[in-house]
Structures are given as structure tokens and as C-alpha cells.
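Mind docking chain Y on chain P? Use the hints.
For the protein sequence lines, the chains are P and Y, in the order given. Mapping the first sequence onto my numbering, position 80 (from 1) lands on 80, and the numbers just tick up by one. Mapping the second sequence onto my numbering, position 143 (from 1) lands on 143, and the numbers just tick up by one.
Keep in mind that the hints were calculated from the coordinates and are not lab data. Treat the hints with care, as some may be off.
Residues of chain P placed beyond 12 Å of chain Y at every Cβ, according to the derived structure [to be verified]:
#, residue
1, Ala2
2, Ile5
3, Arg28
4, Asp36
5, Phe43
6, Asp48
7, Gly52
8, Val53
9, Glu72
Derived DEER-like restraints, expressed as beta-carbon distance ranges [to be verified]:
#, chain 1, residue 1, chain 2, residue 2, range
10, P, Gly52, Y, Thr215, 50 to 58 Å
11, P, Arg28, Y, Ala170, 41 to 49 Å
12, Y, Thr215, P, Thr32, 31 to 39 Å
Think of the CB as a built atom: it goes at the ideal place given N, C-alpha and C, for glycine as much as any other residue.
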Amino acid sequence: MARIIVEVMLKPEILDPQGQAVKNALGRLGLTGVADVRQGKRFVIDVDDEAGVDEARIDELAGSLLSNPVIEDYAWRVVADTEAGA
Amino acid sequence: MTSSPTSEGVSGARIGVVTFPGTLDDVDASRAVALAGAEPVTLWHGDADLRDVDAVVLPGGFSYGDYLRCGAIARFAPVMEPLVAAARGGLPVLGICNGFQILCETHLLPGALTRNESLHFVCRDQRLRVETADTFWTSDFEPGDEIVIPLKNGEGNYVADERVLDELEAENRVVFRYLGGNPNGSRRDIAGISNARGNVVGLMPHPEHAVEDLTGPGTDGLGLFTSALTAIVNA
Numbered sequence: 001m002a003r004i005i006v007e008v009m010l011k012p013e014i015l016d017p018q019g020q021a022v023k024n025a026l027g028r029l030g031l032t033g034v035a036d037v038r039q040g041k042r043f044v045i046d047v048d049d050e051a052g053v054d055e056a057r058i059d060e061l062a063g064s065l066l067s068n069p070v071i072e073d074y075a076w077r078v079v080a081d082t083e084a085g086a
Numbered sequence: 001m002t003s004s005p006t007s008e009g010v011s012g013a014r015i016g017v018v019t020f021p022g023t024l025d026d027v028d029a030s031r032a033v034a035l036a037g038a039e040p041v042t043l044w045h046g047d048a049d050l051r052d053v054d055a056v057v058l059p060g061g062f063s064y065g066d067y068l069r070c071g072a073i074a075r076f077a078p079v080m081e082p083l084v085a086a087a088r089g090g091l092p093v094l095g096i097c098n099g100f101q102i103l104c105e106t107h108l109l110p111g112a113l114t115r116n117e118s119l120h121f122v123c124r125d126q127r128l129r130v131e132t133a134d135t136f137w138t139s140d141f142e143p144g145d146e147i148v149i150p151l152k153n154g155e156g157n158y159v160a161d162e163r164v165l166d167e168l169e170a171e172n173r174v175v176f177r178y179l180g181g182n183p184n185g186s187r188r189d190i191a192g193i194s195n196a197r198g199n200v201v202g203l204m205p206h207p208e209h210a211v212e213d214l215t216g217p218g219t220d221g222l223g224l225f226t227s228a229l230t231a232i233v234n235a
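So here's chain P without its partners, still in its complex pose:
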């Protein structure tokens, strides 16, 4: 069993109105000094065994299905079972 973590964030130049709304809520709840909040996505993909992880295919799908390269950046990594509590 292996676990692949894919994280997707809006590109820095793309406005993130959801992050702005969260930032405003943090301020209302008394957290001071928050300069910025950006909201993203995290995909946790479990595969049967690590030998089966096709890195080129994972990268292709992370950059097409899981993210839209026009507005989002992605990063992915394979984690061992011991980290699999993620």
C-alpha cells in the first residue's frame, strides 16, 4: 500500500475570494495580524503497492484532472505507510 498526496493551490496572482472570506472571519474571531489566507485542496490517493505508482501518469493527471494549470499550481509526493495518517 502506498499513498500519494496531491496538493493544489490557486496561483499567487489569482484572486482567492474564499481565502479572503476566511481571513475576514479570523479577524472577527479575534486573531490579529493575519496578512493573508489562501485556500487550497489536498487529494489523498491510496494505491495498492508502491511499485505500481506510475510517476509520469500521476504528474499528468495532477496537472490536468486534479488541477487546472491556467489558474492553479500543484505538487505531489508519495508517502510511506508510516506517514499514511495524513
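Relative to chain P, chain Y alone:
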């Protein structure tokens, strides 16, 4: 024009309307096609078959529940493979709202639609300016025409980088612009764009909801469908 749309179409032109799981406006789009004088042909997301249609409408709604990103999963539906190939070959394709989002996800159109700047879902009758008549879907208009059609979306904020926006304007590919206030934060008030050839057009507002006085703010939306019909009949 009679009060009820014909099912055969007076022109012989056949315009397909795709239904995905979660599509809402396919029936209205088919009705608009019929009112314009063409025969609406239902297309199914799971069939990689365009049924020899002369043009295709990707209607509005929430395909696949807008999961992941709006239009992101619909892009990979079986019907999209022949559709993308045909669009690249010149088939007229109109994407409305969720259909526009799908066209951006397929990269048939540049840019992307993101969450409205206000975070609010916006539903209102929207005034637009038709910026160009040089597309398959706007040839019955004059540049500068003002139309009113419904707008209803939560993720209609058109974004693209400055280079793409400059290119769209230089090539006369901004097809519709918002008037009377930008409803969603779209860059340069862009409501709709086309590809370089002008056969693929996407817009967020809904022309198919403005084809009859009884049910819409007017009939300004009909012009998009009659434009396509003109292009097909003259082809």
C-alpha cells in the same frame, strides 16, 4: 413564427444539445434551437457520438455537481472526445455558463471561470454589449448591439493572464461584455469569448432563457441560435 416550436426544423439544420449528469438547461436550449428554426438533437455525455449534427450547444447547469472544479469532470466525458476534435475542425460549438466552463477546461477557449469576487451567487437580468459579429454565434447581431439576457452563476469570474487578455482584445475575440456593473469580477468585464476561428463561443449569461416574451426578459437570446443557423444553411 408559431407559438410552439417545431420539432423538425424548417431549415434542415440539426443542432445537438449535450446532457451531462447535473445539466439543467438542456431542455431550454433545445427549445431555443427549435424556436430559431433548427432541429434539436439530444446528445448524451456517455456516448462518443455527435449523431452527425451541424453544431453543438453545451448547456448550463452543474455537471457532476461542480465537483473538483466546474466542468473539470465533464471535460473527460466520452462525448467530449469527438466534440473537441470536431470543434478544432470548425464545428460551431456554443458553451453557456457551465458549458463555457467546460470549454475552458478543455482549452478550446483560453482562461478559466473562478468563484465570483463577491462570493455570492448572482441571478439577474443582465445587460450585455455584443462586441463582434464575426463569430458563428453572433453573425445576426451588429457590433455594439445591447441585449438583455438572464445571468445566474456562482463561478462566473473570468480570469486569464494579461497576455491572453490583450490577445483576445487584439484579435476581436471578446464577444460579449457586461454593462451596468460587473456582476462577478470578470477581467475587463468579459462575459463571453470565442476561439480564433470564431466557431467556438462561450458565455456565462443564458441566451436560451431569453427566447420568448412569456418566460424571459425578452427575445434577445434568440439571435445566437439564428446566427448559427444562418452559418449552417450558408455553409
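Structure-based check of each hint:
no.: 1; hint: Ala2; in the structure: 22 Å, holds
no.: 2; hint: Ile5; in the structure: 17 Å, holds
no.: 3; hint: Arg28; in the structure: 15 Å, holds
no.: 4; hint: Asp36; in the structure: 16 Å, holds
no.: 5; hint: Phe43; in the structure: 9 Å, violated
no.: 6; hint: Asp48; in the structure: 23 Å, holds
no.: 7; hint: Gly52; in the structure: 22 Å, holds
no.: 8; hint: Val53; in the structure: 21 Å, holds
no.: 9; hint: Glu72; in the structure: 8 Å, violated
no.: 10; hint: Gly52(P) - Thr215(Y): 50 to 58 Å; in the structure: 54 Å, holds
no.: 11; hint: Arg28(P) - Ala170(Y): 41 to 49 Å; in the structure: 44 Å, holds
no.: 12; hint: Thr215(Y) - Thr32(P): 31 to 39 Å; in the structure: 52 Å, violated
Checked against the numbered hints above, the structure violates hints 5, 9, 12; every other hint is satisfied.
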